[in-house]
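Whole structure, please, built from the sequences with the hints as guidance.
Protein sequences appear in the order of chains A and B.
Quick note on our numbering: the first sequence kicks off at 1 and runs consecutively.
Quick note on our numbering: the second sequence kicks off at 1001 and runs consecutively.
Each hint should be verified, as a subset may be incorrect.
[What the hints assert, rightly or not] Pairs of lysine-lysine, DSS-like flavour, derived with a Cα cap of 27 Å:
| hint | chain 1 | residue 1 | chain 2 | residue 2 |
| --- | --- | --- | --- | --- |
| 1 | B | K1154 | A | K245 |
| 2 | B | K1154 | A | K124 |
| 3 | B | K1266 | A | K158 |
Just so you know, these hints were derived from the structure itself, not from any lab.
Nothing here was measured: the structure is a model prediction, and the numbers come from that model.
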Amino acid sequence: MPQRIDVAKTWKLYIGGRFVRSESGQSFPVHHRRHGTTVHLCRASRKDLRDSVEAAKAARSGWSAASGYLRGQILYRMAEMLECRRTEMAEALAAAGSQPPKQRLDEVDATIDRLVSFAGWSDKIEQILGGQNAVPGPYYNITVPEPTGVVGVLPPDKPALLAGVSMLAAPLCVGNTVILIAPEAHPLPTALLGEILATSDVPSGVVNILTGRRADLIGHLADHREVNAISAVNLDEENLTDLRKRAAESIKRIHHERVTTPAWMKHEERCSPWCVEPFLEMKTLWHPSAC
Amino acid sequence: MTDRTPDSTTKVPVNVATSASWEYAPAPERTPVEIEDRYGLFIDGEFQSPRSRRWFDTANPATGQPLARVAAANEKDVDDAVASARKALPGWSRLRGQERAKYLFRIARRIQERARELSVLETMDGGKPIKESRDIDIPLAARHFFYHAGWADKLQWAFAGASPRPVGVCGQIIPWNFPLLMAAWKLAPALACGNTCVLKPAETTPLTALRLAEILQEVDLPPGVVNIVTGAGRTGQHLAAHQGIDKLAFTGSTEVGRKIAEAAAKGDRRLTLELGGKSPHIIFADAALDQAVEGIVNGIWFNQGHVCCAGSRLFVEESIQEEVVRRLEHRMRSLRVGDPLDKNTDVGAINNPDQLDKITAYVETGQSEGAMLHEVNSQDLPTKGLWFRPCFLTGVQPSHVIARDEIFGPVLAVMTFRTPEEALKRANNTPYGLAAGVWTDKGARIFEMARRLEAGVIWCNTYNQFDAASPFGGIKESGFGREGGRHGLRAYVRL
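Shown next as structure tokens:
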């Protein structure tokens, strides 16, 4: 009998800036391969998804209107908080098993660096992707990128932290609000990420994190009219076709890529402006020029 | 004046002597245009009889007279066109950008050389006033080819840090409101970026695209680089679902756009959609009113209102509503409706009978919901052909069908607002997000309105301006992807 009994954490969903249990009242077991223990994560329902969308929608105008400087500082703060909890996050990655300790820490470090890099895009992307257009006639004509809106993010199982954070940071840094659905096979690092966001001054509802069964959520995400875009990787042919078909009703943007696990470590490639561009809409302004 | 009348279905005849009642001598455009009896499909550089063995008529909506028989492509015909584009792809995509550019420059020049002929043909087949096809559609089509020609050898500089490659075979489906111009919007960037194309023009307006095919032959564009398949919606569905295309671009209604997106869901193919709109047009009390009224006129009555970005919801600051309505009525009286080939005509023929029925039904619904119709009855309409008088409705509520649905006709819904916040809220209260207009003399307000209006194109103290260098396209349910400018190239390259 040990001297002191551990206080185990109750894992929750992160919706609208609060840690909440699932409306479903259901959970699913996640086996911690290294510790040999089992934890229970919330199995998010359609209602939880809808609550997340509502929270994300409500947070939209504030987050998109925030200055790039402020958004950049908040993403940088996320990196700071993750740095503080580096070993804890590596432990969460260990739940997934196979990786050696060095590789787990490498993934956490790469994730921290990724956040720092995306933090910098928040006040620079306009100059890279926007511009003035040379139209004939007495008009001032400019194009500026604006965030698409509410983005659903479906990261792959591996790398369980780096892929999810890369896919989160790209829409986030330019003013979108996000519903991040944790990878089903390795959800612990994403679930832990909520606690990092909650201490990084990310406004309530700007990022919402759900754990659960993909099949319970993905169709409703595609159907929801207030979700403007979905970012996904490596979906199988059937799931991708189904997602696109359901998204057609609300003219939702589907950004889908095929990315190998090692490719997520390619830093320059994974935080290029072309990773951010799918979550921007180009707005073009015309104004006459005359005295 | 008040917004509502006791009998809301009463029409308001405006019989005051106006400029429209002045006698104008007819001023018809007389440039002769030869039209063949039949046009086959343009596949592999040749006009071919369709495997379907089916043909349909394309008519002049101003007279009802058939102009030509046009091939109706079936699934096998679409197969042939896609196969031809696939065969041409390696040669075209490997051709040096500098050389590809020369073909596009040649096309631009030939369109300029044959501009009047194309304008007349466009007006005959589609019903738009000759002054619009002559001064806008055809010159802009040439401009698109000329502009994009210049990009063909500069693509490596267009995308920061990336190496663009062609997407492959592009399926492109275009509408009947700007037939040749839409063909140019689709073909020019695709070709500049090294792709090959299968273009499907609208059923009611195929003739200028087929004339463009003749131009492509004249300028020796390699066979198969552009293929043109004519037909109705089914032909478009075959093209959208075809597994041999790498990218699909569609311009048309949101309703059809949904079906197209569903048909294109299978396979890993790129998609861009330029769909419908119900664009808000906001007039503040401090606006330059004469210019704003011209903007309203241009925003809703240009091209019979067959414009996806038409400023069809007018929001006027309450204090100037009476003044704006008075000026708008006055201006509406001077619009000349009639023979599209007449150089004085402002509003031409409605493109097709289905559209005329739709517009008529919407105006009836608007009146039955309690809005008041303002139109001019002083001018006789031609006895033959498809016509609808430009009009506007006041006393419109945000919940009314005419304030929500895209009418795609010369029908304006007029509403009011008191504060900028209210204007923004009402303007953005729509699933669409194609364009918006704002008129005010305050610079700071213009920028804040432009920032907060949910639309892809914002016209500030102007309306309905277009150019090849300026990206055009929508947000929300008005679609995704841009056409024009550097941003328009993005849909036609892999990075």
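Hint-by-hint comparison with the structure:
1. Note on K1154(B) and K245(A): the hinted pairing is violated, with a Cα-Cα distance of about 36 Å set against a maximum of 27 Å.
2. Among the hinted pairs, K1154(B) with K124(A) is consistent with the structure: their alpha-carbon atoms are about 24 Å apart, no more than 27 Å.
3. Between the alpha carbons of K1266(B) and K158(A) the distance comes to roughly 26 Å, so the proposed pair stays at or under 27 Å and holds.
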